[in-house]
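Chains A and B, in that order, are what the protein sequence lines are.
One rule links them: number in the numbering used here = place in the first sequence (from 1) + 288.
One rule links them: number in the numbering used here = place in the second sequence (from 1) + 37.
Calculated from the structure, these hints are not laboratory results.
Don't be surprised by glycine CBs; every beta carbon is placed ideally from N, CA and C.
There's no promise every hint is true.
Said to hold, decoys possible - Beta-carbon label-pair distances, calculated as ranges: (1) E733(A) / T213(B): 40 to 50 Å; (2) D157(B) / P365(A): 46 to 56 Å; (3) E461(A) / V300(B): 48 to 58 Å; (4) E288(B) / T994(A): 29 to 39 Å; (5) S740(A) / R101(B): 46 to 56 Å; (6) G324(A) / Q142(B): 36 to 46 Å; (7) F194(B) / I436(A): 39 to 49 Å; (8) S267(B) / S740(A): 30 to 40 Å; (9) R101(B) / R315(A): 50 to 60 Å; (10) V300(B) / E719(A): 43 to 53 Å.
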Amino acid sequence: MTATIEPEVGKSRRRKEDERLITGRTRWTDNITLPGLLHMAILRSPFAHAKIVSIDTSAAKSASGVIAVYTAQDLDPDGAIGMPCAWPITPEMKAPRRPVLAAGTVNFAGEGVAVVVARSSAEAHDALEEIDVEYDELPVILDLEAAIADGAPLVHEDLGTNTSAVWKFDSAEAGTGGNVEDAISSSEVVLKRRFRQQRLVPAFMEPRACVVDPTSTQITMWSATQVPHILRVMSALTLGIPEHKLRVIAPDVGGGFGGKIGVLPEEMMSLLVAQKLGKPVKWNETRSETMLAAHHGRDQIQDITISATRDGRVTGLKVELLANLGAYNGLVGPGVPILGAFMFNAIYKIPAYHFACTNVYTTTTLTDAYRGAGRPEATFAIERIMDELAVELGVDPLELREKNWIKHEEFPFTTVCGLTYDSGNYEAATEKAKQLFDYDGLRAEQEKRRASKDKVQLGIGISTFTEMCGLAPSRVLGSLDMGAGGWEYASIRMLPTGKVEVTTGASAHGQGHETAWSQIVADQLGVAFEDVEILHGDTQSSHKGLDTYGSRSLVVGGIAIVKAAEKVVAKAKPIAAHLLECAEDDLEFAGGKFTVKGTGTSTTMGDVALATFFAHNLPDGVEPSLDSDATFDPENFSFPHGTHLCAAEVDTETGRIKLRSYVCVDDVGVAVNPLIVEGQVHGGLAQGIAQALFEGTEHDESGTLTTGTFADYLLPSAADLPSFTTDRTETPSTTNPLGAKGVGEAGTIASTPAVVNAVIDAVRPFGVNDIEMPLTPMRVWHAIQHGTTDAGGPGRDEAGGGLGSIDATGGAQ
Amino acid sequence: MIPAPFDYVRPSTVDEAVQALAAAGEDAKVLAGGQSLLPVLRMRLAAPTTLVDLGRVAELRGVREDGDTLVIGAMTTHYDVQRDALVAEHAALLKGATDTVADPQIRHRGTLGGAIAHADPAGDLLAPVLALDASLVVAGPSGRRTVPAADFFRDLFTTALAPDELLVEIRIPKHTGWRAHYEKFNRVTQAWSMVAVAVTVRTEAGVIEEARVALTNMGSTPVRASGVESALVGVQASADSIAAAASHAAEGTNPPVDGNADVEYRRHLAKVLTGRAIAAAAGA
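Using the sequences and the hints given, assemble the complete structure.
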C-alpha cells in the first residue's frame, strides 16, 4: 500500500502558469481598469541636450478630455525629489539629481518634460501635440572617450565632469593574487585587444505600465515591474509616502530581463498625480516609447591585456573599462559593470588580475541591468581573448582553456578575485559538448574548406563560462556599497483542508516559479503538486522579499521555502506524536506521513493540519498553527558553468552568417525542473546570439535614437536561429540543501562570445581578428576585404606574429 | 500610438471610389490591404483627413487572361497571387517574389496594387513588375489611362498616380514558360530586402535567348539592370558567363545608404545576388 512517491524535484513538469500566460487570459497591468480611471501621457524631449526655455501648456489644458497638464514646476516645485540610485559604487561617486520631470534641462532624447492627464488615453496623447516647449540646444555628448577628454562639454554642469566614478580591484592590493604589471612585463607573450560591448535595448514583450489608485485606505500601485518590494520601499523613501500606507502589486508581468528592475519617473509621476487629483490614474507606453525611455543595457569599451607563457599558461589579466551610464544613474546602473569585475578571470587560474572601470555620463538614455548585468560583458572579453591567445600561441583553443581552467579535484577553489567557487566539472561538460558537437569532425571540415578556398567558410566558436549569480550574500553586497541585502523570504501556511499556501518574496515575470516552488513544497511536505498555491507579487500578501533578478529566485528564494518547510515539519512533529500517542523520536516523516518507526501506524501532514486547526487535542504549550516562515541569506554566490560550442558558416561573398549548429552543456547543479531549465537556456541563447548578430542601438550625431522600432532594432525569431542542442551535467552546489545553481542568465552570458568566436574563426585566414558586434553581413564582408594579411597570413596552426606579439586592433572594423 | 482622427468612406465600385477620392480632396488616402498604411497612421507619420477603403470593391479583385496579357486586379491579395494557376504559368517571377513578402498574415491582407502604389523601393513586388514589362491601369475622374511600369515609378514612395487617381489593374504580358528567380537578401527573416534581384529568362537548350533583370532597393525606384540583360542574350549559361553578365548589375544605380548597407556593399551585393538569381533561373 505504500507506493513509492516519485520526487517532484527533478520532474520536467509543464508549468501551471503557462495556460494563462500564453493565451494572455490574465491581468497585465494595462488590463487593469478602475471606475473613473484617468490616463497619463508624457511629452518627451526630442533633443538629447537642451535648456528648457519655456513650456506653454495652456492649449493642452483646454484640449478635449484633458483634466490637467503638469510639469516639474507643478509636481516638484522645490526640486526636492530625486530618483533613487541604490548603488553608489564609491564614496566619491558623482551623481546628478534625476528629476521626475525635466527641470530646466533635458539630458537625453526621450526625457519626460510634461505629463497630460485626460479621460482617455487617446485624448491624453492628442493633447501632447498642443504643448509648446521652447528649447535652447546644448552640445551633445555621445562618445565615451570624447566625454572624458579634457575640455569635453559636460552632461551635468554642476558635476564639473562627465566621469561619475572609477572603481578598481587589484589582486596584489587585495592579497588574493600577484601584481599584474609584474606579470605582464615579465611574460613571454602579451596580447592586447579592444572590444566593444554595444548598447542594447531590453526587448521584453510587455511594455511598461503603471496604475495608481489613491482612493482607498492604502495607496495601491500596480506596475509591470520585476521588483514590487523594492519599488514599495523606494517609492516611500523617494516621495515621503508612509510605507505602511502603500501597497504595490506586480500582476502578471510579460518579461523583464532586467529591464524592469527600476524605480521609474513614470511610477513616481503616477503616485504624485494620483494623490494630487485624488483619482486613479494609469500610465502605459507604446513600444517606441519603451525603446527610448526604458533603460538600455551593456555599452562598454573594454581594453583587455592578457599575458602568458609561451607554452600557454596565463600569467596575468588586466581589464580597463569605460562604461556608459547614459544621462543619469539608474537604480543599480553604476554597479552593473562592477558585477562583472570578478568574472573576467572566469574559469581560469589566473595568478594576477587588475580591474578598473570608469563610469561615464553621456546624453543618452540611462543604462542599467540587462540579462547578465556585467557578467556577459566579462565573459565576452575573456572568451574572445582566450581565442586570440590560442591563435597567437598556435594551439587549439579548447586545449588552451583546459590548460588553464580549474580542475574538478581543485574545488572548492578561491579565485584571484577572492571568490570561492563551490563546485564544478569543466572537464565533464566540455567532453560531453565536444561529442555532441562532433568537434573533431567539424575541424576536419574546416580544414577542407580552407584548403579548397571554399566560398563558404566554417568557423568553430567556443565559450567555456562560469558566472556568479544567486544574488547575493548580504555582507558581500554591503562590502560593495550596494544599498540592499540579498536575502529572500518565504512563508508557508497549512490550510485546514490540507492544501498549502506559500508566499514568496521572489517576483516571477515568466520564470515559472509557481511550478518550481510547488514542486519543492510537494517534496518537502509530501503534499500533492496540485495542492500547493504560490502567492507572489503583491506586497499585501507576499509582504516581504527582495524580488527577482540575478538568477537568485531559486537558489535564494527556493531555499527560503525549504527552510520554511523544515519549520512546518518541525512544528507538526510534536502534534503528530501527540495524536499517535508516541514519542517524537519514534516518528519518521516521509512521503507526507508521520510514521511510527517499525510499524504501519501513521498520520498525514493533512491530518495534522486539520487537527491543528481544530486545536481540540494539542500538546500543552503548542501554538495551534503549523504556519512558518524563513528569511534566507545565502553564504555564497551560485556558480553555474557550461561549455558552449558554435559552428558558423560564413558566406564570404556576402558576409552572411548561418549558424549551422549550437551545442551547450550547462551545469546548474541539481535541476528542480529540467523543462524550465531548458526553456531558460533557449531564451538565454536567443538573447546572447541576438547581441552577437542582430541587436544594437544606433544614434545619429544629434543623439536621436535611430533604431527606434523593431523595424530597425532587429530581434531574431525562431526562423533565424538554429535548433539548439542542449544538455547538462549535474555537479551539485555545496552551498544550499537543494544542490541547485542559478540558470536564468547563463545562456545569454555564454553564447555571445561563442558565436563571435565562431565567425572570427571562419574568416581568420583572411587576416581578420575582430569584428564589432553586431556582426552584420556588411561588417563581416568589409572585414574580409580589409583583413590585415591576405589568405597567406598567420592561420590557426601557425605560431603568431612574433615581435613581442603586442597587437592592438588589426582587422577590427 | 493611435492614428489622428479621419473620415472613412467604403465604396462598392471603382466609380464610387473615384468619386469619393475626388470629393475628399488632397488629403485623402486610399486604403488597400493596410499593411503599409496602418503603421504609418499609427506612428502619425501621416494624418490623412479621409480614408477611402477599397475592401468592398469586388471588381478590383481577381486574376484573368486577356489574350496575351495577364490581368491582375489591384486589390488581389498576395495570398491569392501566390496560389493563382495563371500567375504560376505566365508570370512565375511574380509568384516567386510574392512568396518572399513578409509573413502569411501580411500576405493574406496585403495587395499587389497596394504594394505597387505605395512604391517603397525596398518592397519586393516593384522589381518583378518592372522586369515583366507590366503596364498599370489607372482610373481617375477623366477615365482610365495605362502607364508602362518604367514610367510609373517616379521616386521614393512616388508614382505616376495623381491624388485623385486609383490603380485598378496590373497588366502583365504573358511570359509563359519563362524561368524565374527572386533572390532576396535580408538580415532577419521577414525583414525588408537589403538588396534583391528579380530575374526571368527564356532559355533554349541551355542558351539564354531573352533576359529581364530588375533590382530592389538599389535606388529610389526599382531599376532595370539593362547591362546585365544585354550581356546575357545568346549566352550559354555557365558559372563564368553568368558572373561576367552579373558584373554589370550595379551600373547606373544610385543605391541608398542605411544601417544595413553602404554604397560599396550594396553594389557588391547586387552583383553577387544577380549572379545567384541568374544561376537559379537558368538552372546553371
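So, going through the hints one by one against the coordinates:
At roughly 44 Å, the beta-carbon separation of E733(A) and T213(B) lies within the given 40 to 50 Å, and the hint holds. A hinted range of 46 to 56 Å holds for the C-beta pair D157(B) and P365(A), which are about 49 Å apart. For E461(A) paired with V300(B), a C-beta distance near 52 Å keeps the hint of 48 to 58 Å intact. Checked against the given bound of 29 to 39 Å, the beta carbons of E288(B) and T994(A), roughly 30 Å apart, stay inside it.
Between S740(A) and R101(B) the Cβ separation comes to about 52 Å, which falls inside the hinted range of 46 to 56 Å. The hinted window of 36 to 46 Å between G324(A) and Q142(B) holds, with their beta carbons roughly 37 Å apart. The hinted range of 39 to 49 Å is satisfied by F194(B) and I436(A), whose Cβ atoms lie roughly 43 Å apart. Take S267(B) and S740(A): their Cβ atoms lie about 34 Å apart, and the range 30 to 40 Å holds.
For R101(B) and R315(A), the hinted distance range of 50 to 60 Å is satisfied, since their beta carbons lie about 52 Å from each other. One distance hint, 43 to 53 Å for the beta-carbon pair V300(B) and E719(A), holds here, with the actual separation near 49 Å.
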